[in-house]
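*Asks:* In order, the protein sequences belong to chains S and Y.
Residue numbers for the first sequence follow this note's numbering, beginning at 1 and rising by one.
Residue numbers for the second sequence follow this note's numbering, beginning at 1 and rising by one.
Hints were generated in silico from the structure; no laboratory data involved.
Don't take every hint at face value.
[Unchecked claim] Output of the computed footprint for chain Y on chain S, the stretches with three or more beta carbons under 8 Å from beta carbons of chain Y: (1) 43–49; (2) 74–81.
[Unchecked claim] With a Cα cut of at most 20 Å, we get these calculated EDC-like pairs of lysine to aspartate or glutamate: (3) S:63 <-> Y:1; (4) Y:42 <-> S:108; (5) Y:42 <-> S:10.
Built from N, CA and C at the ideal position, the CB exists for glycine as well.
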Amino acid sequence: QVQLVQSGAEVRKPGASVKVSCKTSGYTFTSYYLHWVRQAPGQGLEWMGWINPNNGATNYTQKFQGRVSMTRDTSISTAFMELSSLKSDDTAVYYCARRDSFGSGSLDFWGQGPLVTVSS
Amino acid sequence: DIQMTQSPSSLSASVGDRVTITCRASQSIVIYLNWYQQKPGKAPQLLIYGATNLHSGVPSRFSGSGYGTDFTLTISSLRPEDVATYYCQQTYITPPTFGQGAKLEIK
């Protein structure tokens with residue numbers, strides 16, 4: 001069965017960086033785009049960007065340009081999202097999610113989402 | 001960016017009720033509209049994709065409709081396990097954007 005298992009909760013100080021992993025199984029890693037979506041406490045869902053695991057191509061939303069880096073390691077079917085220059089309002093749950101194969105662009109499987117807390 | 005507006009933002013209904021949540025896009029998104037259910041403390045789960053298609057394993061009491069700018073998620077007969085926040089998402093134009101969510105509670 002399809003599974004996306006993410007790394008655990010993190011605490012960082014303002015100005016630091018955090019790297020979240022997303023280990024996939026149950027499907028061909030290179031065949032599906034992976035998206036990253038975050039959710040601040042008590043708030044809605046915010047799309048951050050995607051990576052094409054086949055060739056490493058990425059697309060980031062403008063808000064995070066220059067601060068976010070999405071990478072992958074095909075040998076271990078794992079994607080990574082690194083966010084730098086952290087601020088307190090980056091405190092959020094960070095989800096990875098697989099884009100569907102239906103052509104609709106929906107996100108059909110999600111990781112459990114670790115909480116990243118940014119606090120001095 | 002395309003703005004997605006859901007209504008109502010919160011609602012309360014009784015078990016067995018028919019429940020409808022609407023989602024309006026700021027411009028036409030054809031049928032590129034998806035619905036997700038998020039239970040407290042859990043990741044979102046896909047319910048409906050392409051406006052009307054039920055994702056595998058989703059109960060048939062959930063259905064979606066709409067085209068262009070106006071879309072609807074319907075629960076035909078509310079069950080206690082449907083307590084959740086529901087989000088719509090457009091995937092017609094990048095960046096994909098979500099509605100603000102509709103929190104559903106049981107009376």
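*Asks:* Taking the hints in turn, state whether each one holds.
*Replies:* Each hint, compared with the structure:
1. With a cut-off of 8 Å between beta carbons, the region 43–49 of chain S has 4 residues touching chain Y; three or more are needed, and the interface restraint holds.
2. Against chain Y, the region 74–81 of chain S contributes 0 residues with a C-beta closer than 8 Å to a partner C-beta. That does not satisfy the three-residue criterion, and the hint is violated.
3. Restraint check for residue 63 of chain S and residue 1 of chain Y: the C-alpha separation of about 12 Å stays at or below 20 Å, so the hint holds.
4. Distance restraint check for residue 42 of chain Y and residue 108 of chain S: the Cα-Cα separation of roughly 15 Å lies within the 20 Å cut-off, and the hinted pair is therefore satisfied.
5. For the hint pairing residue 42 of chain Y with residue 10 of chain S, the CA-to-CA distance comes to about 18 Å; that is within 20 Å, so the pair holds.
This entry does not satisfy hint 2, going by the numbered hints stated previously; all others are met.
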